[in-house]
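Participant: In case you want the letters, here they are:
There are 2 protein chains.
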Amino acid sequence: MSSFEQWAQSCSQQLENAISKRLPSGEQFPQRLHQAMRYAALNGGKHFRPLLIYATAAALDLPRERVDSLAAAIELIHAYSLVHDDLPAMDDDDLRRGKPTCHKAFDDATAILAGDALQALAFRILSADDALTDDPAVRVRIIRHISDAIGSHGMAGGQAIDLESEGKSLNAAELEAMHIHKTGALIRAAVVTTAYCAPDVTRAQEEALDHFAKCVGLAFQIHDDVLDETGDAEEMGKTVGADRARDKNTYPNLFGLSESRSMARSLIDDARASLHDLGAKAEYLHLLAEFVISRRG
Amino acid sequence: MSSFEQWAQSCSQQLENAISKRLPSGEQFPQRLHQAMRYAALNGGKHFRPLLIYATAAALDLPRERVDSLAAAIELIHAYSLVHDDLPAMDDDDLRRGKPTCHKAFDDATAILAGDALQALAFRILSADDALTDDPAVRVRIIRHISDAIGSHGMAGGQAIDLESEGKSLNAAELEAMHIHKTGALIRAAVVTTAYCAPDVTRAQEEALDHFAKCVGLAFQIHDDVLDETGDAEEMGKTVGADRARDKNTYPNLFGLSESRSMARSLIDDARASLHDLGAKAEYLHLLAEFVISRRG
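Top line first, the protein sequences correspond to chains A and B. To convert, note that position 255 of the first sequence is 255 in our numbering; the numbers rise steadily by one, no gaps. To convert, note that position 248 of the second sequence is 248 in our numbering; the numbers rise steadily by one, no gaps.
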């Protein structure tokens with residue numbers, strides 16, 4: 001196992017502990033709802049957003065424990081969005097990461113409510129967790145950024161654009177706009193709000209990290225589309241080719257595989273270039289950026 | 001029109017302006033999502049929670065403008081919960097306030113996303129609106145209370161309990177627990193977080209207002225159940241007797257109509273007694289409490 005893989009595994013472990021501690025136990029009333037929330041939030045996954053948070057913290061000399069609650073909140077938001085996206089009224093997916101989706105393991109109503117409650121819990125964590133910051137103004141700034149990133153101008157808006165565009169052909173600008181909303185906004189929020197926690201971060205560093213996150217987020221999505229065409233069904237945990245089969249708007253459908261790969265590569269180069277002034281402490285951000293376009297699932 | 005009705009109408013007007021200003025226009029991309037959010041949030045209704053907020057503000061000498069954003073945020077959360085509750089996977093209602101429910105006017109997927117985005121917008125407003133407070137610590141306290149009140153230990157939890165209990169008979173304690181979660185927590189949050197905005201509010205006043213809100217919230221629900229048995233279909237904007245027909249757990253089903261009415265009356269007496277020390281400035285809270293059990297729709 002490479003040192004990057006070791007680092008990622010230890011971050012994932014720390015994140016799962018952080019989430020598990022903050023989620024009500026499945027024994028707590030109302031039990032079924034809490035079980036569904038735990039099922040949705042603790043089902044593995046790549047933990048890409050939390051890894052970005054821990055890597056950004058390392059680049060800014062913040063101890064990991066400082067951003068555990070931020071990582072947990074962002075992952076809970078991501079988990080809620082997947083639960084709702086998978087619903088029959090939305091993407092109607094039966095499998096997520098090789099396991100039954102939340103509404104399959106429970107039921108549609110419970111999945112809707114589990115998603116709703118996970119969103120609320122994320123804001124509860126951001127507003128209440130002591131280790132995040134001593135400064136309420138920083139806390140407010142973090143909540144403002146995240147609430148903006150996941151609303152109608154961000155993640156929820158992106159999902160709406162995605163649904164509306166099914167069966168229609170998007171051009172390159174429209175496809176990019178969809179992804180900037182749907183996944184880009186939360187990925188950027190993960191990195192930028194981590195920077196908010198560092199007391200002596202400069203404006204230039206915030207902007208460099210934001211640019212990094214913007215590029216990495218888009219590359220992540222392009223590579224996801226590429227994997228969906230070429231990937232290994234078992235590693236992906238879902239049906240390969242599903243996006244193409246449903247005539248979805250993807251980068252390979254619009255640009256072809258080779259051009260899509262090369263777009264992702266340039267975005268990662270651009271992302272890494274923006275880390276220049278952070279020096280060697282940005283090591284995990286560099287490694288994470290490379291991982292984005294080398295992963296096979 | 002009584003002076004209370006005039007006051008309530010002017011509060012409602014102010015609230016609708018406050019909400020309308022804070023919601024993206026229906027022309028803004030993604031349009032359909034924004035149209036659904038506006039449809040759900042600006043469809044009239046009793047505005048009970050905002051009226052409680054404005055009445056509490058009056059009792060504590062806070063100008064109405066100070067709590068416009070709080071009233072808007074709480075009403076957006078209430079609106080999101082109705083949109084999700086009405087979905088086919090949940091209560092499956094076609095009508096809300098005499099108009100097609102959000103998923104009927106749009107579609108299920110858009111209704112799910114509109115609800116999600118309304119929740120996020122509420123937190124955006126609470127974290128960003130300048131008039132609410134100058135003190136970020138107060139802002140954080142408000143967000144903490146509200147995020148707690150609407151999660152799995154509050155509103156979303158209550159809806160889960162409601163769904164699970166359908167077809168089962170709840171006893172009095174279980175029925176009360178359901179309502180304390182489902183509607184009580186947000187009603188209490190509306191009143192208590194308004195108190196947080198008043199710089200010189202005492203702990204005793206906060207507790208008195210919390211007790212007031214707790215009693216009024218439960219009376220509101222009991223009276224709702226009573227109206228559902230006896231009310232006028234047109235005024236209610238939904239099918240009378242629907243709760244009984246579906247064998248739902250309601251106060252009249254458990255206690256009979258007359259006992260339910262008298263329980264609501266005692267709760268309102270109890271609520272009003274707790275306002276004693278606030279004196280004449282609590283006038284609108286008293287009037288609102290009486291309105292709760294005298295309204296016919």
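Hints may be right or wrong, so weigh each one.
Examples of chain A residues toward chain B, derived with CB under 10 Å [said to hold, decoys possible]:
#1 P30
#2 L33
#3 G115
#4 R139
#5 I142
#6 A156
#7 Q159
#8 A160
#9 I161
#10 S169
#11 N171
#12 Q205
#13 T230
Which stretches of chain B does chain A cover? Using the computed rule of at least three CB atoms under 8 Å from a CB of chain A, they are [unchecked claim]:
#14 30-40
#15 216-229
Pairwise CB distance ranges, derived in the manner of DEER restraints [claimed, not checked]:
#16 A:E166 to B:D134: 31 to 39 Å
#17 A:N171 to B:S3: 27 to 35 Å
#18 A:F29 to B:E206: 38 to 46 Å
#19 B:T202 to A:E166: 55 to 63 Å
#20 B:D200 to A:P136: 14 to 22 Å
#21 B:S165 to A:P199: 29 to 37 Å
Derived from the structure by calculation, the hints contain no laboratory data. By construction, the Cβ of each residue, glycine as well, lies at the ideal position given by its N, Cα and C atoms.
Participant: So, for every hint listed, does it hold in this structure?
Facilitator: Hint-by-hint comparison with the structure:
1. P30: holds (5 Å)
2. L33: Status holds, d = 4 Å.
3. G115: Since chain B brings a Cβ to about 7 Å from G115 (chain A), closer than 10 Å, the hint holds.
4. R139: holds (5 Å)
5. I142: Result: holds, 9 Å to nearest chain B Cβ.
6. A156: holds (4 Å)
7. Q159: holds (6 Å)
8. A160: Nearest chain B Cβ about 4 Å off; hint holds.
9. I161: This interface hint holds because 5 Å falls under the 10 Å limit.
10. S169: This hint is violated: S169 (chain A) lies away from chain B, its Cβ roughly 17 Å from the closest one there, beyond 10 Å.
11. N171: violated (15 Å)
12. Q205: It is violated, given that the least Cβ distance between Q205 (chain A) and chain B is near 23 Å, above 10 Å.
13. T230: violated (29 Å)
14. 30-40: Holds: 5 residues of the segment 30-40 of chain B have a Cβ under 8 Å from chain A.
15. 216-229: violated (count 0)
16. A:E166 to B:D134: 31 to 39 Å: violated (46 Å)
17. A:N171 to B:S3: 27 to 35 Å: violated (59 Å)
18. A:F29 to B:E206: 38 to 46 Å: violated (26 Å)
19. B:T202 to A:E166: 55 to 63 Å: Roughly 56 Å apart at Cβ, these two residues keep to the hinted range, so it holds.
20. B:D200 to A:P136: 14 to 22 Å: holds (20 Å)
21. B:S165 to A:P199: 29 to 37 Å: violated (49 Å)
Hint compliance for this structure: hints 10, 11, 12, 13, 15, 16, 17, 18 and 21 are broken, all remaining hints hold.
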